[in-house]
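Spelled out from the first residue to the last, the chains are:
Protein chains: 4
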Amino acid sequence: MTHLRSEEINDEFDGDTLHEECGVFGILGHQDAATLTALGLHALQHRGQEAAGIVTFDGRQFRTEKRMGLVGDHYTDPAILAKLPGSIAIGHTRYSTTGEVALRNVQPLFAELEVGGIAIAHNGNFTNGLTLRRQIIATGAICQSTSDTEVVLHLIARSRHSSTADRFIDAIRQMEGGYSMLAMTRTKLIAARDPTGIRPLVMGELDGKPIFCSETCALDIIGAKYIRDVENGEVIICEIQPDGSIDIDARKPANAQPERLCLFEYVYFARPDSVVGGRSVYVARKNMGVNLAKESPVEGDVVVPVPDGGTPAALGYAQASGIPFEYGIIRNHYVGRTFIEPTQQIRAFGVKLKHSANRAMIKGKRVVLVDDSIVRGTTSLKIVQMIRDAGATEVHVRVASPMIFYPDFYGIDTPNADKLLANQYADVEAMAKYIGADSLAFLTIDGLYRAVGGEDRNPARPQFTDHYFTGDYPTRLLDKNGETAGLKLSVLASNG
Amino acid sequence: MTHLRSEEINDEFDGDTLHEECGVFGILGHQDAATLTALGLHALQHRGQEAAGIVTFDGRQFRTEKRMGLVGDHYTDPAILAKLPGSIAIGHTRYSTTGEVALRNVQPLFAELEVGGIAIAHNGNFTNGLTLRRQIIATGAICQSTSDTEVVLHLIARSRHSSTADRFIDAIRQMEGGYSMLAMTRTKLIAARDPTGIRPLVMGELDGKPIFCSETCALDIIGAKYIRDVENGEVIICEIQPDGSIDIDARKPANAQPERLCLFEYVYFARPDSVVGGRSVYVARKNMGVNLAKESPVEGDVVVPVPDGGTPAALGYAQASGIPFEYGIIRNHYVGRTFIEPTQQIRAFGVKLKHSANRAMIKGKRVVLVDDSIVRGTTSLKIVQMIRDAGATEVHVRVASPMIFYPDFYGIDTPNADKLLANQYADVEAMAKYIGADSLAFLTIDGLYRAVGGEDRNPARPQFTDHYFTGDYPTRLLDKNGETAGLKLSVLASNG
Amino acid sequence: MTHLRSEEINDEFDGDTLHEECGVFGILGHQDAATLTALGLHALQHRGQEAAGIVTFDGRQFRTEKRMGLVGDHYTDPAILAKLPGSIAIGHTRYSTTGEVALRNVQPLFAELEVGGIAIAHNGNFTNGLTLRRQIIATGAICQSTSDTEVVLHLIARSRHSSTADRFIDAIRQMEGGYSMLAMTRTKLIAARDPTGIRPLVMGELDGKPIFCSETCALDIIGAKYIRDVENGEVIICEIQPDGSIDIDARKPANAQPERLCLFEYVYFARPDSVVGGRSVYVARKNMGVNLAKESPVEGDVVVPVPDGGTPAALGYAQASGIPFEYGIIRNHYVGRTFIEPTQQIRAFGVKLKHSANRAMIKGKRVVLVDDSIVRGTTSLKIVQMIRDAGATEVHVRVASPMIFYPDFYGIDTPNADKLLANQYADVEAMAKYIGADSLAFLTIDGLYRAVGGEDRNPARPQFTDHYFTGDYPTRLLDKNGETAGLKLSVLASNG
Amino acid sequence: MTHLRSEEINDEFDGDTLHEECGVFGILGHQDAATLTALGLHALQHRGQEAAGIVTFDGRQFRTEKRMGLVGDHYTDPAILAKLPGSIAIGHTRYSTTGEVALRNVQPLFAELEVGGIAIAHNGNFTNGLTLRRQIIATGAICQSTSDTEVVLHLIARSRHSSTADRFIDAIRQMEGGYSMLAMTRTKLIAARDPTGIRPLVMGELDGKPIFCSETCALDIIGAKYIRDVENGEVIICEIQPDGSIDIDARKPANAQPERLCLFEYVYFARPDSVVGGRSVYVARKNMGVNLAKESPVEGDVVVPVPDGGTPAALGYAQASGIPFEYGIIRNHYVGRTFIEPTQQIRAFGVKLKHSANRAMIKGKRVVLVDDSIVRGTTSLKIVQMIRDAGATEVHVRVASPMIFYPDFYGIDTPNADKLLANQYADVEAMAKYIGADSLAFLTIDGLYRAVGGEDRNPARPQFTDHYFTGDYPTRLLDKNGETAGLKLSVLASNG
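Which chain is which? The protein sequence lines are A, W, Y and Z, in order.
Be aware that the first sequence starts at 1, since it is given in UniProt numbering, and climbs by one per residue.
Be aware that the second sequence starts at 1, since it is given in UniProt numbering, and climbs by one per residue.
Be aware that the third sequence starts at 1, since it is given in UniProt numbering, and climbs by one per residue.
Be aware that the fourth sequence starts at 1, since it is given in UniProt numbering, and climbs by one per residue.
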């Protein structure tokens, strides 16, 4: 989903992390479709906590429920699930930046086509969304959301193909970028992954019924079996037959390109118990810590993770270095809703609302602080300060991924390039000084590749996408580079 | 707005009245645009209490607020008005039937066009809305609401004309039915009334700035001056110029047809203090009572209005007959929200939740009960019973409009024809017996025409539209008669 | 209920009327106790719209539901009524001034006594409430609301009598003022009226079960039979027996004093269809208009009521004077919640949010405007202006009650004496000039007495209480005159 | 706070943990009193998430805000903090069982006394609360909540002492049990801890102003300095003087008894970064794991904590045993509100809504699962099953505290004794079989004592209270053993 990050973003409080925007889940032919979708979305909640939506088809009509907030705030309520009968369902959970909070933007989106209704949900971003939007508006289309998903719907609606599946393929052939997409009609569940395979999407099965979802953890929660990853550039069309059996048709409409999964899925986004691209995320993260210990050893008394992201890498670092692993920072999980917009006075407490130093493990110690990544460095600065205030004699920061220099255009919400720590200081020493650390080190790009895939980066044909570290974007960037950069939408503010 | 009346409608409680669906208000070039629109909509609240919406343009972007409930429940809140800056605004208040309650259907609707954004709101109904909807979906349009207003937006978006005004005219030329419509762009406020002039629309002025609204009462509340009625088939385009002055361009794109205003505006819908088609609604209603007294006199001790609709006619009846006018029925104005869906046990109290007999004026009296109209007769039956229970010796019902035989297709929510009292009984005596009255009489169609316009009905060219009484529809009825009758929409249920 | 009217009261908008604070309803031995109580309170809604509460006893425990807002906003919801099982119920609806809005103050209040639970609700005010409160706090009681009702509970709890009925009588013997009170225990429904009979209370019967309520209109809505008024100083104790039969025991614990019902019940508070003290309120109001026409005739073209209060008197004035009665002012019944706290800009529209001039009946006419009473005159001023703006050539104001000079201490919320119009100007001419009327006249006190009771006021022993007009208070005013005037409560602000 | 645990408790879902009921925080003389209290309560959120309340005194009157939900859901909102001006504040956060959810029970409670207002909040429970309640009701007191705190208020109100401090001491001398209590008046902040010191309470200081709170983590969040623990049986009275200085008066009204802090504070309740009784909770928990490894070693491939409670002990177990520590269970922190009352179908997913197995660390491994305690064993059963389903070859459960046999009466919500796992099975083998573990072992009582205090349990005079393990209650249990056991309150259901 496209969005231009508001400049008035809450740097100090809301934190200094990258955000993934979406998780998707779909199932075909199961009598508990909506309940299973709710559970799957709950397992994918880490991919987006702002809003969630589910669409079902009850045999006669499509049903939609969309709600702001957590899946578990709404979709386990019997009254809401009762409004979502039917055996086909797709669902979506999303993160969004300030100012765009509106139910009309919450996916799945639905359209009435001549051939019947279709609902769509996706994770990721289109790099030519604004360009296409401008083209279809020029030919008389009406856009009512600011979501790129709507553009896909228009392309489907305008396709000259007769079958929904062909129309869908026709539409996604025109979309560029990184995405995992689910669509449903009255009888079909369709899954598609972008040609480069930037965003993850897996296929599973429960009681013989096909499921697609962003990560394997959504299969685990419902006891479903993992079948395989949807391949890059693949479209899988599942259709329920009159006799209740399900036909599955996998196509590769796009020219084959090598897959390049997003490394940040391994570094930060995916849940540690998920298996992404056939690799355990937890193991990859521990490996990052192990490699980091080898590359950047330091004398220390305790290895302390910055929770929760840095924990597996810290464990790896501790195991490889022999320095004891200790919980030197305690996380407060009870951060309520209004802490998202606190008074200025409370805002000043910043990082302390979420974290506190465990003085007994810090005082008088040389602390090796392990984090998964550093974006702006504003949080690191505060955490280092908190550790010092708790009595650490030295604070060494070790980061389990390389320095971030470039913005993402495939669904990760990145700050402007000039706000990135790596672009603000000349070298690592200057950065260390800014965050107040006695030393600072980042994992190398090869160290990261080895942690995830077992091999160094192949510069000729990188095995993953790593553009935020290297500037090597896996696709062209039409909206960014083209004339559409200045395009403004007329309507941005609405409660509808 | 099209809607198919739910069969599970609350006959017994929600009452036995016809509903108008909308009021509109728009203003151009005034710094208090949103506040004035909120006040205007408040004055038009009798035309629809379910939901209200306002759109403004703040010089950079369009702003929308839509809310379920009364105007005064939301739009006078400083926090909400602060979200609606700008000097152009249109607003809409609407009534809707059960089951269609959804913010996405609340007007004004907005679309992003190549030439810029446009917002539209209307009162009335299109008789070819479903037909057109099917056509545009067939050519790749996406419809996301069940509102005909969206169809107008699509026609505007698809028009090959370059100026917004020409596109607007192009679109409404394709629409048939009865409507008053307002549109706004970044610089323009456009008003249009259907070729037959079925629904009312007036033009006013405040501080030199043009205003359009459904009734004059919306001008009165803000102290604006009444200029004239928008004529049938007329489109008035007001555009703010770079120097702040306003150009006004009135066009008659449709072939001239004689105006035929809806008689029910006089009988029931319009507020008594409004002037519709140049005639005081209150005076017209009193005249109906006067004519009714002449046509259907009866011996009685008191004339009692059925509040609030029957009050002016009852006063006219009393003045003409010399029988004293008394408040024999007291209305309870504090009917809360859940009384709209009460328990079955409370439902049984039906009419008593809103009305009570003023025993002191009823007991031992021959009561002449005057009502504005009878639809199904279910309420009349209960009110007659309530009057008898309070001790009346005789109850004579006099109705200040003719018998209703036919459904409306121009924005009045009418029950199925076979539910209408006039279609259920052979003659007036049988109806009187059903409702329990000692006698029953309706105003004649000529009596009604004379009360409103001073002359008998001209059968060759009726001065008003009176199809609910006569079956003489002023336009063709494409959706009703054509093949689209069975068209179903896929998505009907949503909280979005 | 005691409360000191906030000075920051919304003079301009919230209006210029007196407020009654409460309506009560109770029933014993009926299986639909809560539903009937909800309906009764709905009929009494004019006595207080801020909040309502119902207590039932289900055979095992007491159940309470309290809600801000209208009865019909909550108590007809099946889910809420389901929480109120049982065959004994009392309920209360109340009006309250700004700043005291809190559920903990909403009646009925409940206390756990050694002899079992008791719930109490009352209409009216105690003139020694603060004095008693101070005394019981001094002896170790804890007060958790700012309601005088709580004081009654304490007195009951501390009584040395053993039976609940005796304790109740013991408590109310200590209370001074004007009140109608209902109490319920596990088996009893008790009704009491103050020794002077200032506030009304009637007894009715449905299906052989006793009912008590503030006005007869609450009997009418449920089809209950009126039995008699509770007498001044009377306590009626109804107790359900093991065999289901009901014992009724009427006592007169206080020394007999002549009854003096509050004249404002006739002038403004009671619903016109109620019978108070054996007299039709509607007939009394019409008589006030008739007497006013005799006392203060004027040449005019139309008699226009200020709705809704002035309507019956206007009808009487018109009938007595022969001047036609017309609806020259239309009331907007759709005033929503936020209009209660509107923006400053909308506030400026003041009276127009509720009323509009019906120009067709005003323009070029000499208007006789009839209102029920004038408190501060701020509303009168605006209404006269509105009538002039609509084109009246003359405006003559006739008020169907005498001038108000004195505050009330028996449950009517009166402004400070120096805010009363009658105290601000030397004579009627000066008042007329202030409100902008060509002439102004008030009904005489004898005219009012004759309208209500058929006889002139007996100065030696007035038949009613009329202290707001005359300063002749029917009881001593201990809190006002005594040392407790300065007593402040520590806690005033809470959302609990 | 007293409450009898509902039998219809959600065994399967809500989990199988003990609940502490409260956290308290108070500060005197600081201009940001309410904000600091909100932050302190946020840090104490783990002690109760159901509701929170804050009382301040603004120099003229007391202010109260009470809200259901998390501190961060409400008390950081500028609008709410603005309602809590003043430099004295106390606050409370609480856990409560089903069916007692009502704002009127939310602390702090307030009472108007003759000597002025007083507000009280406490953590813990009185073992003679019902007995005292019965006594004071018998002498005419009115109880309006079901909270024991109200009983304390009554005792204060009824005390014959003149100063508030003496009255407070008089009251708590009558209360038996385990509690930490804060009280505030217009000028005083009073802290008290029960004679045995069962519940924790610490004293701190910020900008020279005294603070009292349940745990040191509430001092850390605001950067306050820890002064000392309030001693068992101690009452500390802080009073602000006219010159702004603060007098502190520490008293020991009760006869000195040896302190016996609750061991469960170390095992489960307190936050790991808190220092309770001078000992780091985190270090104590790690020691429990170390001792457990020594007492009950087992061959295993990974040590896996049951998050979050078992994590420090698991780390200790791993360090002592040399078996690698791994996150074999991932916790989902995004459990929303309706998951608290999910559909039956979703309920079946039970433990999976909160936890998932990290298959990569489990499959083919011998897993040593470390948990902090076992209550009923229902959750353990499911977690063992989840680990087996993820492919573990063996599952050995090690519990870092002894078996629980006895209920608590000092503020810990314990299930009925017959529901405790230890009471349902004859021996550890039978328990292991029930939960499906290959082996099961509990820490010994001496192992626990050594982990916390460094020494074995002194049977003659135990250093802590450990009644849930041993049945050795540190006080008499009047309500439990006495005649009040059957006392029922009349009113239990209310939304007020």
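Watch out, some of these pointers could steer you wrong.
[Stated by the list, open to error] Calculated cross-link-like contacts (lysine-lysine; reagent style DSS-like; alpha-carbon spacing at most 30 Å): (1) Z:Lys225 - A:Lys363; (2) A:Lys225 - Z:Lys83; (3) W:Lys354 - Y:Lys225; (4) Z:Lys354 - A:Lys83; (5) A:Lys382 - Z:Lys433; (6) A:Lys354 - Z:Lys433; (7) W:Lys225 - Y:Lys225; (8) Y:Lys83 - Y:Lys294; (9) W:Lys83 - Z:Lys83; (10) Y:Lys363 - Y:Lys352; (11) Y:Lys83 - W:Lys354.
Just so you know, these hints were derived from the structure itself, not from any lab.
Do the hints match the structure? See the list:
no.	hint	in the structure
1	Z:Lys225 - A:Lys363	holds, 15 Å
2	A:Lys225 - Z:Lys83	violated, 54 Å
3	W:Lys354 - Y:Lys225	holds, 20 Å
4	Z:Lys354 - A:Lys83	holds, 25 Å
5	A:Lys382 - Z:Lys433	violated, 49 Å
6	A:Lys354 - Z:Lys433	violated, 40 Å
7	W:Lys225 - Y:Lys225	violated, 54 Å
8	Y:Lys83 - Y:Lys294	violated, 55 Å
9	W:Lys83 - Z:Lys83	holds, 25 Å
10	Y:Lys363 - Y:Lys352	holds, 18 Å
11	Y:Lys83 - W:Lys354	holds, 25 Å
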